[in-house]
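Peer 1: All chains should be built: construct the whole structure from the sequences, respecting the hints.
Protein chains in written order, with my numbering: chain A, 891 to 1391; chain B, 891 to 1391.
Just so you know, the hints here were simulated from the structure itself, not pulled from any lab data. A few of these clues could be false.
No copy is singled out in the list; a pair is fine if it fits within one copy or between any two copies.
To be verified - Calculated lysine-lysine pairs in the DSSO-like style (CA-CA distance at most 30 Å, straight line):
| id | residue 1 | residue 2 |
| --- | --- | --- |
| 1 | K948 | K901 |
| 2 | K924 | K1317 |
| 3 | K1246 | K973 |
| 4 | K1133 | K948 |
| 5 | K1389 | K1352 |
| 6 | K1246 | K924 |
| 7 | K1246 | K927 |
| 8 | K973 | K1002 |
| 9 | K1328 | K1130 |
| 10 | K1226 | K1246 |
| 11 | K1378 | K951 |
| 12 | K1226 | K982 |
| 13 | K948 | K1378 |
| 14 | K951 | K902 |
| 15 | K971 | K1226 |
| 16 | K1192 | K948 |
| 17 | K1002 | K971 |
| 18 | K1192 | K1246 |
| 19 | K1192 | K971 |
| 20 | K1370 | K1163 |
| 21 | K1176 | K948 |
| 22 | K1325 | K1130 |
| 23 | K973 | K1084 |
| 24 | K1370 | K1317 |
| 25 | K1192 | K973 |
| 26 | K1058 | K1002 |
| 27 | K927 | K1325 |
| 28 | K1246 | K971 |
| 29 | K1077 | K1011 |
| 30 | K1192 | K965 |
This structure is a prediction, so every number in the text was calculated from the model and none was measured.
There are 2 protein chains.
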Amino acid sequence: MLELIEQKKTKKTDAAEELSSMRAQLIDIANAAKSAKLPVIITFDGWAAAGKGSQIAKLIKYMDPRFYNVEPIRKPNEPEKRKPWMHRYWLKLPAGGEFLILDGSWYSDIVKSYMNGDIDKEEYKRRIADINVFERQLHDDGYLIIKLFLHITQGEQRKRLKALYEDKFTRWRVDEQDFINNKRYDKIFRRYDKTISRTNTASAPWNIIPANDRVTAELEIMRAVTSSITGACDAKAKGKPYKMPAQFPITDIEPLKFDLVRTVKLAKTDMNKELTDEEYRTALDKYQSRLFELQNLCYQRKIPVIVAYEGWDAGGKGGNIKRVASALDPRGYEVKPIAAPEPSELARHYLWRFWKRLENDGHFTIFDRTWYGRVMVEPIEKITPQARADMAYREINEFEYQLNEWGAVVIKFWINIDKDEQYRRFKERENTPSKQWKITDEDWRNREKWDEYEKAVDRMIKLTSTDFAPWTVIEGNDKKYARIKALKTICDRLEERLKDD
Amino acid sequence: MLELIEQKKTKKTDAAEELSSMRAQLIDIANAAKSAKLPVIITFDGWAAAGKGSQIAKLIKYMDPRFYNVEPIRKPNEPEKRKPWMHRYWLKLPAGGEFLILDGSWYSDIVKSYMNGDIDKEEYKRRIADINVFERQLHDDGYLIIKLFLHITQGEQRKRLKALYEDKFTRWRVDEQDFINNKRYDKIFRRYDKTISRTNTASAPWNIIPANDRVTAELEIMRAVTSSITGACDAKAKGKPYKMPAQFPITDIEPLKFDLVRTVKLAKTDMNKELTDEEYRTALDKYQSRLFELQNLCYQRKIPVIVAYEGWDAGGKGGNIKRVASALDPRGYEVKPIAAPEPSELARHYLWRFWKRLENDGHFTIFDRTWYGRVMVEPIEKITPQARADMAYREINEFEYQLNEWGAVVIKFWINIDKDEQYRRFKERENTPSKQWKITDEDWRNREKWDEYEKAVDRMIKLTSTDFAPWTVIEGNDKKYARIKALKTICDRLEERLKDD
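Peer 2: Dropping the structure here:
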């Protein structure tokens, strides 16, 4: 698409009126976005010396600095390398009403990594798919993503690099690599062009900005920004999703296809499984020592391990997690209890709070309740409309796929007990002073919706048991059996993963 | 003090009963801490091969893994080096009811840094002072800090290091440096000993654990942990501060003394200062370009800049910040609007949310409202008892001192307007549709307490105008004058700082 871009020249005087009207408008628009709680991401990519920095400065000059954050994207640092590659972008997500402005983005990130040989073609392609997923997920959640590519020609770039180099105040901004890259402009051109056309989606179409002339560039950037924020605010006011007009025909993205494994309904679970004390103690010893060794190997090979616990109230999650945790070197895991989201979490994409809780590679992250609240408690308790919750099956599969791609072993447990057993445990909690804090009216209320929950859980297990992140239903009426099954499942999954390495 | 520690041998059978009773107790104690929302920090320091890791494992074996987090403390990584040295410890603070267990702590951090020659004696001493401030601030806020030092003799250490080295499964855990350090045991002994005696404070006294014998060590650790958590919960139930019994005579800490600069009361401010449009435009140009250059120098020399804005409602903070921000390279600053704290913030020391908002060295962090809410709005609105708020003057001076020590330039503005001017601006906001969102009933309510606020502000300015972080009262009736004064003050402070370098 880049070859279709025509470099234009705009006289300052011709642009003056439109620019000053758009600048005035921008202040109101930013206020409107603030009131509408619209989260906005503006990415600036483009050639070295294309003027990203100064165009960003021109854009924000008319905005309230409390509403935006400008972040330069450089090479990932050491801690960032120990997380999924998109983790750092997730962390930066703006809240509703805020602007995130990126100088460089996931695009310059992957193009540079690929051109430098840091990632191979396969990885580059996987990352393109990750980006499309990321942008679609954000768009579906009401984010406005304005992607700008500042395009200059090879001759213009050479001229600018030379000028920067010849001025002693700006010399530090260019290095030898910039001149080398200018010589291989054609090759980089093709890579940018492919990247842009593969990501010119309906969720986040590209704005290619002819930037040989600075006034033209400013004009086009301001037009793109003001019109799309206005459009998104209007759409939001009408309760409709916003479709940004596309400069070029948009690219249809084939959704990632996931292979689902066969599952059975909770009602078919054999709830009579149990272990004797003797069997339990022997097995506990065996699997705990095995798990400890496996953790060591995962640590050395930097394999991340994600263990997700869901289950009925009083299902025994706490005690189960304890048996797993006590097998592990405590410096290598963290348990994340998931309670109701905080205001800063509610103001962002619902997966944000799980992304930000991920531990480093080589470590275990154990979730006590998870992102699956989205498809269980949230629609049942009318916190999230059913239609919105239904979109989460796909989003969750994508999320877990990206964890898997990062190298993680994703292990998911549903701890199942039957209704009678739950009643027995609730009563026991009520009658044991030291356990009374564990039982609330809410637990009893949830119990009344047992059938509704069971239906939701069956559906969830069916739709999110991918081959890379299958559910394990744990028969939990006997806590001893349940603990051993969890430990054994984790050991088996890790062994399987370590074999592949 | 270390020389007073007697290594004992305890037979497993003799300890069995007490240990198993304490373990059972620990479960209840952890639950009690959870209900009492008591935040607990347990630090494990001591000699290499003293058994920190295995003692931590023994301790947490009986605790619910959802309530604690074990963190190893290693050398700071690159992003951590760009923050104050204690920043990473602040970030890790547990919430009320949580346990933070550290394998190594700020103690091993400074002793190792000093012994390796990474920091000199002056810096080591400053850090001792920082630690005492940190622990006192946390203690005063209701944190329980249990500091354990696992002490083994030189001979025992040599034996253990050899054993670890000779086993191929554990060889990786020891390196040459460990053996070198064993040879210079005496020197390290003296450093640990001095460190311990200088930080054996009433807020956080030391527990020195004789660790040649593992059973003795476990017993002593369990005693220290169970008794102090019980004591702290009991004290909290009675609404009293907890004083941990000290193993050795405690060290009195000389409070940091700060030189205060002379200040004047708000009532004495000359509110007639103003600039013509002409004067304003000329000065704006001048100081904005100067600020841009100074930012560049600060960036190159990695000088952090903290700008704190406080002022009357409708004082013009937003527009003032905008003039500062628009002079800066947007990649080098961030504006942090401070609103009401979130639940996770309320559950921790109130300075936590400001520590975690600090940008890297070389960057500007601009706070729109600040930690001074603690001594203004919080006591006036009865969010914090006056007595508790009064402690904040010292805490805030210490906080700013630590920022200054990090190398930061700390600039604080009170934007002052008079009561008539505020009335005029409130009315104007009410009558201008695009500004109506800026005025709420709360603003009118606060206005009724003008005198109370003025008294609090006078006191705040008087008590926290240190020579390293003085307040600048800005005459704000004329917005133009106010903006130029802020810009000029920032420029002057930066120039002064850059001269020193």
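Peer 1: One pair to classify: K1176 and K948, alpha carbons no more than 30 Å apart. Within, between, both, or neither?
Peer 2: between (65 Å within a copy, 19 Å between copies)
Peer 1: Pop the pair K948 and K1378 into one bin, within, between, both or neither, using alpha-carbon distances up to 30 Å.
Peer 2: For K948 and K1378, the Cα distance is within 30 Å only across copies (23 Å; inside one copy 59 Å).
Peer 1: Is the C-alpha distance from K1325 to K1130 at most 30 Å within one copy, between copies, in both cases, or in neither?
Peer 2: So K1325 and K1130 pass the 30 Å test across copies only (27 Å; inside, 48 Å).
Peer 1: For K1192 vs K948, is the C-alpha pair at or below 30 Å within one copy, between two copies, both, or neither?
Peer 2: between (43 Å within a copy, 25 Å between copies)
Peer 1: At most 30 Å between alpha carbons: which applies to K1246 and K927, within, between, both or neither?
Peer 2: both (21 Å within a copy, 24 Å between copies)
Peer 1: Have a look at K1246 and K971 and pick one of within, between, both or neither, based on CA distance no larger than 30 Å.
Peer 2: Intra 14 Å, inter 21 Å, cutoff 30 Å: intra and inter.
Peer 1: Checking K924 and K1317: alpha-carbon separation at most 30 Å within a copy, between copies, both or neither?
Peer 2: Close across copies (22 Å), not inside one copy (49 Å); limit 30 Å.
Peer 1: Using 30 Å as the alpha carbon limit, work out where K1328 and K1130 are close: within a copy, between copies, both or neither.
Peer 2: between (42 Å within a copy, 28 Å between copies)
Peer 1: Between the shortest in-copy and the shortest cross-copy C-alpha distance, which are at most 30 Å for K1378 and K951: within, between, both, or neither?
Peer 2: between (59 Å within a copy, 20 Å between copies)
Peer 1: How would you label the pair K1192, K973 (within, between, both, or neither) given a Cα cut-off of 30 Å?
Peer 2: Both: 10 Å inside a copy, 27 Å across copies.
Peer 1: How would you classify K973 and K1084 at a CA-CA limit of 30 Å: within, between, both, or neither?
Peer 2: Intra 27 Å, inter 40 Å, cutoff 30 Å: intra-copy only.
Peer 1: 30 Å Cα cut-off: does K1192 pair with K965 within a copy, between copies, both or neither?
Peer 2: both (20 Å within a copy, 19 Å between copies)
Checked against the numbered hints given earlier, this structure breaks none of them.
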